[in-house]
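Q: Sequence:
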Amino acid sequence: MPPTAVAARPGHALLVSALDDRLVDLVGSPGFVPFTFALAFAAGAAHALGPGHGKSLAAAYLVGSEGKVRDAAWLGASVALMHTVSVLVVALAWTFLSLSDLLSLERLTSGLQLVAGLLVVGVGLWLLRRHLRGCHGHGHGHGHGHGHGHGVSRPGLVLLGMSGGLTPSPAAFLVLVTGIFTGRSGFALLLVVTFGLGLACVLFGVGLLALAGRDLVVRAAESGALLALATRVAPALAAVAITGIGMVLATTAVGRLAGAA
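The numbers in the numbering used here rise by one with no breaks, and the one at position 18 of the sequence shown is 18.
Take the hints with a grain of salt, since some may be wrong.
Unchecked claim - Now the in silico label distances, taken between C-beta atoms and shown as ranges: (1) 22 / 102: 18 to 24 Å; (2) 240 / 186: 41 to 47 Å; (3) 132 / 73: 27 to 33 Å; (4) 213 / 103: 17 to 23 Å; (5) 102 / 38: 35 to 41 Å; (6) 244 / 35: 21 to 27 Å; (7) 132 / 96: 46 to 52 Å.
Worth flagging that the hints you see were computed from the coordinates, not collected in a lab. The C-beta atom is built at its ideal place from N, Cα and C for all residues, glycine as well.
Working from the sequences, and respecting the hints, build out all of it.
A: This is how it looks when you write it as structure tokens:
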């Protein structure tokens, strides 16, 4: 997932580092250790629990676009798939196409973060435009005290999933590269897939919590006026938040690229 400039809490950082180091060591060790898959899942979940990693984006998008449980699952799965693909492509290019001779890993991940940030900005602006068009289309004499949203759009979920999984996690990258160099590339790839599933499960859980919180707010708005206000304001706030997060990601990436130049 895209790295952020926000430092993780010391305890969480130590846990993530310990899981990552242990996972890489097991990939390079002889023999098959089933426990390694549980470790890979835990490492992916631990990375997702850190700052960033798309949790705020997932929550804001699902709330702002009237998402359902299946949409939260779909978003988590798309992040896992994109993360696995990005790790595979970058590791293969790094190992066999001498990508490491052209640019550093920091510049590569910063460039991918810039692309991810721009995708997020695009999703936020598209969601805001969609909301404004919906308000215009349904704002003529519909005082029924309920929303007229059309639910989540699959293109938005795809773009958000791509942005969330575009930048490979350093641990997953090291696992696959280590597996390639030790002749255990198939085993390492399965571990990367498991790592992505850990990420996906955390995002899915965050999505469920966001949807549950939204439902509580809707039930609390017993009067028609409050409910109508909530259904109008929440999508717009979510779209603005997504756009802002994307701008922060892109700006941070530009700063990293400038510093690495």
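Q: Does each hint fit the structure? Answer for all of them.
A: The hints, checked one at a time:
Range check, residue 22 to residue 102: Cβ separation about 31 Å, and the 18 to 24 Å hint is violated. Between residue 240 and residue 186 the Cβ separation comes to about 45 Å, which falls inside the hinted range of 41 to 47 Å. The beta-carbon spacing between residue 132 and residue 73, approximately 28 Å, falls within the hinted interval of 27 to 33 Å. Checked against the given bound of 17 to 23 Å, the beta carbons of residue 213 and residue 103, roughly 42 Å apart, lie outside it.
A hinted range of 35 to 41 Å for the beta carbons of residue 102 and residue 38 is consistent with their spacing of about 37 Å. Checked against the given bound of 21 to 27 Å, the beta carbons of residue 244 and residue 35, roughly 41 Å apart, lie outside it. With their beta carbons about 48 Å apart, residue 132 and residue 96 fall inside the hinted range of 46 to 52 Å.
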